[in-house]
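Colleague: Single-letter residue listing:
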Amino acid sequence: MSMPSSEKKKSGFIQWVDERLPVFTFINKELVDYPTPRNLNYWWNFGSLAGIVLVIMILTGIFLAMFYTPHVDHAFNSVERIMREVNYGWLIRYIHMNGASIFFIVVYIHMFRGLYYGSYKAPRELLWILGVVIFLLMMATAFMGYVLPWGQMSYWGATVITNLFSAIPIIGDPIVTWLWGGFSVANPTLNRFFALHYLFPFLIVGVVFLHLIALHQHGSNNPLGIDAKKPGDKIPFHPYYTVKDLLGLGVLLMVWGSFVFFAPNFFGEPDNYIPADPLVTPEHIVPEWYFLPYYAILRSVPDKLGGVVLMFSAVFILTLMPWLDRSPIRSARFRPLYKILFWIFLVNCLILGWVGSQKPEGLPLILGRIATVYYFIHFLGLVPLLNRIERPQPLPDSLQKKSPSVEKSGDCS
Amino acid sequence: MNHRFLREIFIVFLNLLISDEPWANQQPPLPQEKWSFDQVFGTYDRAELQRGFQVYQQVCSTCHGLSHISYRHLKALGFSEAKIKAIAAQKEGKPSDYFPNPFVNEKAARAANNGANPPDLSLIIKARKEGPHYVKALLKGYIEPSVGIQLAPGMSYNLYFSGHQIAMAPPLSDNLVQYADGTPATVDQMAHDVVTFLAWASEPEMEERKHLGVKILTYLLVFTVLMGLVKRRTWRRLEE
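Chains F and X, in that order, are what the protein sequence lines are. Heads up, the first sequence is in this note's numbering, so the first residue is 928 and it goes up one at a time. Heads up, the second sequence is in this note's numbering, so the first residue is 1020 and it goes up one at a time.
Worth flagging that the hints you see were computed from the coordinates, not collected in a lab. Glycine included, every Cβ here is placed at the ideal spot set by N, Cα and C. Watch out, some of these pointers could steer you wrong.
Claimed, not checked - In silico DSS-like pairs for lysine-lysine, Cα to Cα no more than 25 Å straight-line:
1) 1250(X) <-> 1161(F)
2) 1126(X) <-> 1104(X)
3) 956(F) <-> 1102(X)
4) 1094(X) <-> 1104(X)
5) 1094(X) <-> 1145(X)
6) 1159(X) <-> 1148(X)
7) 956(F) <-> 1156(F)
8) 1145(X) <-> 1286(F)
9) 1053(X) <-> 1113(X)
10) 1148(X) <-> 1286(F)
11) 1148(X) <-> 1053(X)
To be verified - Output of the computed footprint for chain X on chain F, the stretches with three or more beta carbons under 8 Å from beta carbons of chain X:
12) 1004 to 1018
13) 1165 to 1172
14) 1180 to 1194
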């Protein structure tokens, strides 16, 4: 074990600053010496990866904003100008555009990891809820960002989604008018979406800091889901996890780069390269892939208000997870039934995603309705009841002791 | 307008929820062609680009704009500065000018085209699913409608167009242009060339993008392998 670096000799200047403003002590405590469970697997990489993606998105976004014009007459052309005339504008824009999808891939993996290993359980409930808040802010940011190029999908996606609020009884219509800043999606809408799209990432940064404070209060959960008790259960974050995170970053950047350079429009809809036209509706309005499961839930209800309520509930229900799951065991490794439920739930989400991409009729519609019902049964029925019938496997007593079942189990590690 | 507009949007929305195929026009699968710009290392064939430009200029440009392209961009096609100057001069322009639109505004365009507005072609390849295949299929897809299909006056029947009824008359016929390089100007050849040209117009950065991509991914691969080695080495300390 390396000597805690806070005890290493500091240079005079750093010492001087640190006595007055303890930034170096803080960095040391939270990023260098920070004790981390020694047994984290690669699924634990995605938290720091999400943070790095956020920074890259903000940086590329700031440069895009220098050239983008948030006006209905100029937005589409200003994006094309970035693509064609601005030096490496295409690169910045494709990084940002694909970055949204990469961000959601990373965050979805991060969330499912939390669900699998019970990272939402005491004492990490607020950590989990802050994560859901970040997720909600991300969804709002991504939605508004997608509107900015002012293509056909931008315009019609904005129209459909903002219209959801008109389902609210009595005050629905005034709310929609208020959101639009007029009587249809138009220039005021684009202007405010741009302003908010620039603002929200910084709100996300704020909540990410809260998320980290909550995380560092008790430290990371780990694949065994038990608390570190013995000396040596935890190791300093640097160099062990800094280097592991850099390895993960390398892999992520390769995936991201493959899309940016060789399939930049893979996640996009061709219709968004047609300038917005309020008089022509696209044949098939679909949101970006990361919204598809929620879109499927929305459309599986034959009542507009019901669909909207259910769609938002599907996200908010996540915040209740720490109280719906009553099992004291965190990790699914020791919960044979929850482990099965987890995988069914994951597949169910993928089915919802597929359904969301299809026209709502025939098989997709029926499948979507079944999957929607199952989504809520999972949270409200199966997870709470599971604790009564499940017989968890015995827990190991140390993060270091390797019981045979842990070594050989093929799950997630 | 607000109420009617809202209602219309809601109807669209309802259609999405409960429709029985409001968009019921089946298109056959697109013929899959080979393109010079396919794959990781594909580039635009310069001869195809130049011929495609000729087709655009002599045929398409009568009705379709190419508003995001300027004469100076044609350098990428392999034209010399003098040649670009000459091309611009044909339309009384300078190399720094953008291609002029064929109509002064949308109303004029519709008046001249049987009510249809010919779309700008700058992004057409990116703006259609399977863009290159689709545009080429469309250009070659004019057939006699089956018996019983009534076309509105001035409309044509196209196998690949959504709804099959298209306002654009068959634009290509054999030997419609005389290629400067002597290539026989068949409909297939012209369609292929003009699609290559339009693919370039949609993604002029493609060659630079792929080139840079190979370099950056190679760099990232080395970085990742190195980090893998460093990680293994660092973690070995824990076992001791």
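Colleague: All hints are to be evaluated individually against the structure, with a verdict given for each.
Modeller: Verification of the supplied hints:
no., hint, verdict
1, 1250(X) <-> 1161(F), "holds (17 Å)"
2, 1126(X) <-> 1104(X), "violated (31 Å)"
3, 956(F) <-> 1102(X), "violated (66 Å)"
4, 1094(X) <-> 1104(X), "holds (11 Å)"
5, 1094(X) <-> 1145(X), "holds (22 Å)"
6, 1159(X) <-> 1148(X), "holds (17 Å)"
7, 956(F) <-> 1156(F), "holds (20 Å)"
8, 1145(X) <-> 1286(F), "holds (23 Å)"
9, 1053(X) <-> 1113(X), "violated (35 Å)"
10, 1148(X) <-> 1286(F), "holds (17 Å)"
11, 1148(X) <-> 1053(X), "holds (16 Å)"
12, 1004 to 1018, "holds (count 6)"
13, 1165 to 1172, "holds (count 4)"
14, 1180 to 1194, "holds (count 9)"
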